[in-house]
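Chains as they are written, first to last, in my numbering: chain A, 16 to 125; chain B, 10 to 121.
Bear in mind the hints are in silico, worked out from the structure with no lab data behind them.
We treat Cβ as the ideally placed atom computed from N, Cα and C, and that holds for glycine.
Certain hints may be false.
Unchecked claim - Taking lysine-lysine pairs in the BS3-like style, the calculated list, with each CA pair at most 25 Å apart, reads: (1) B:80 with A:83; (2) A:112 with B:26; (3) B:26 with B:66; (4) B:66 with B:27; (5) A:91 with B:80; (6) B:80 with B:66; (7) A:112 with B:66; (8) A:72 with A:83; (9) B:80 with B:27; (10) A:83 with A:112; (11) B:26 with B:78; (12) A:72 with A:91.
What the hints assert, rightly or not - Here chain B is said to cover these stretches of chain A; the calculated rule only asks that three of the stretch's residues, wherever they fall, bring their Cβ under 8 Å from a Cβ of chain B: (13) 56–63; (14) 111–117.
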Amino acid sequence: GQNIDQPTEMTATEGAIVQINCTYQTSGFNGLFWYQQHAGEAPTFLSYNVLDGLEEKGRFSSFLSRSKGYSYLLLKELQMKDSASYLCARFSGGYNKLIFGAGTRLAVHP
Amino acid sequence: EAQVTQNPRYLITVTGKKLTVTCSQNMNHEYMSWYRQDPGLGLRQIYYSMNVEVTDKGDVPEGYKVSRKEKRNFPLILESPSPNQTSLYFCASSSPQKETQYFGPGTRLLVL
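Only chain B is shown next, with the shape it has when bound in the complex (with noise of 0.2 Å):
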């Protein structure tokens, strides 16, 4: 089955403790991308990438680094995570056409 998987769905952190959100896709897609979602706000870009080892930042990079070592892998990290990084993180994918992108389930952060 086609899908994007996002570990983990849930996380309560700390301010300041390092965390990775992990990120696969099993469809041989180039273009992998992370948002995140706020009440008001909507869907945010966070990075992107096109293909291994290239990436480039969207609306919103402050405090995330992303690393894409592997076609189908692309985490997120949070070196020092603060309060305002509380949100709805989501993983996507996309063909090179970039016509449909598949939206991974969702990873819902909270730093204390």
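Next up, chain A with everything else stripped away, as it sits in the complex (with noise of 0.2 Å):
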């Protein structure tokens, strides 16, 4: 994706933690999403980061540092279901053009 990188692929067991890094290109920075999306299906919303720090929604969290343009998405308690492809984006240019990278493809194996 455009200056957005994240790894291709991560493995982990069920019930472990898991940390998929994204890092990203800090001009005109308006804030770092995270989505999920299961094989064939859209992509689901998981959280917004826009200010520095941990922001923590259940089993997922999510962690922002504008100043070095690096995030990750944590995820805990892995469970099968949790098999998917982790999206990192941030808006470019404003509001209106959100970019998008590559995904993680994450598989949790027993």
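Make one complex out of these two single chains by using the hints.
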């Protein structure tokens, strides 16, 4: 994805914790999104970070460091249903263009 | 139920045969957008619309047209499809704050 980098694939064990990293170009930054996408389905919204720090939503948390152009998605107590692609995205040039990373495919094994 | 719908869900066509993919949302959202998703490239924005009669190009607009005559509908038009437009297409809409985009179920297009 344009100006957004995230690992292509990750594997983890059921019940464990996994961190998916995302780096982006900091110019014109207006917020960072994380989406989950199961194979063959539409992306679904997970989080939107504008300010630095960690935001927690149940088993999922998202962290942002604006100065470093860095974000991560933390998934705790992994379940098999968490096997999916996780997409990092940011606004580009205002609030109308959304740029996505290529996505990280997470495989959760028993 | 709040939702974004797309039709058709699957389409096989031939090069040069004009086609339209419809998109409709029932959330009274002003902002709507079209994306295509290809392996290894992620989602790329084709066109977006900030309101009725207001549209603009995204990152990959070549070969596509859109229109926004009504708030709820945002059709994607391929005047002369080519094989490189074979892809998975998603329509999305969001509230003015654009904090959350709601995606349609996707349209899988194959151009022969």
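Hints, verified against the model:
| no. | hint | in the structure |
| --- | --- | --- |
| 1 | B:80 with A:83 | violated, 39 Å |
| 2 | A:112 with B:26 | violated, 29 Å |
| 3 | B:26 with B:66 | holds, 23 Å |
| 4 | B:66 with B:27 | holds, 20 Å |
| 5 | A:91 with B:80 | violated, 40 Å |
| 6 | B:80 with B:66 | holds, 18 Å |
| 7 | A:112 with B:66 | holds, 9 Å |
| 8 | A:72 with A:83 | holds, 23 Å |
| 9 | B:80 with B:27 | holds, 24 Å |
| 10 | A:83 with A:112 | holds, 22 Å |
| 11 | B:26 with B:78 | holds, 23 Å |
| 12 | A:72 with A:91 | holds, 11 Å |
| 13 | 56–63 | holds (count 6) |
| 14 | 111–117 | holds (count 7) |
Consistency note: the structure conflicts with the earlier hints numbered 1, 2, 5.
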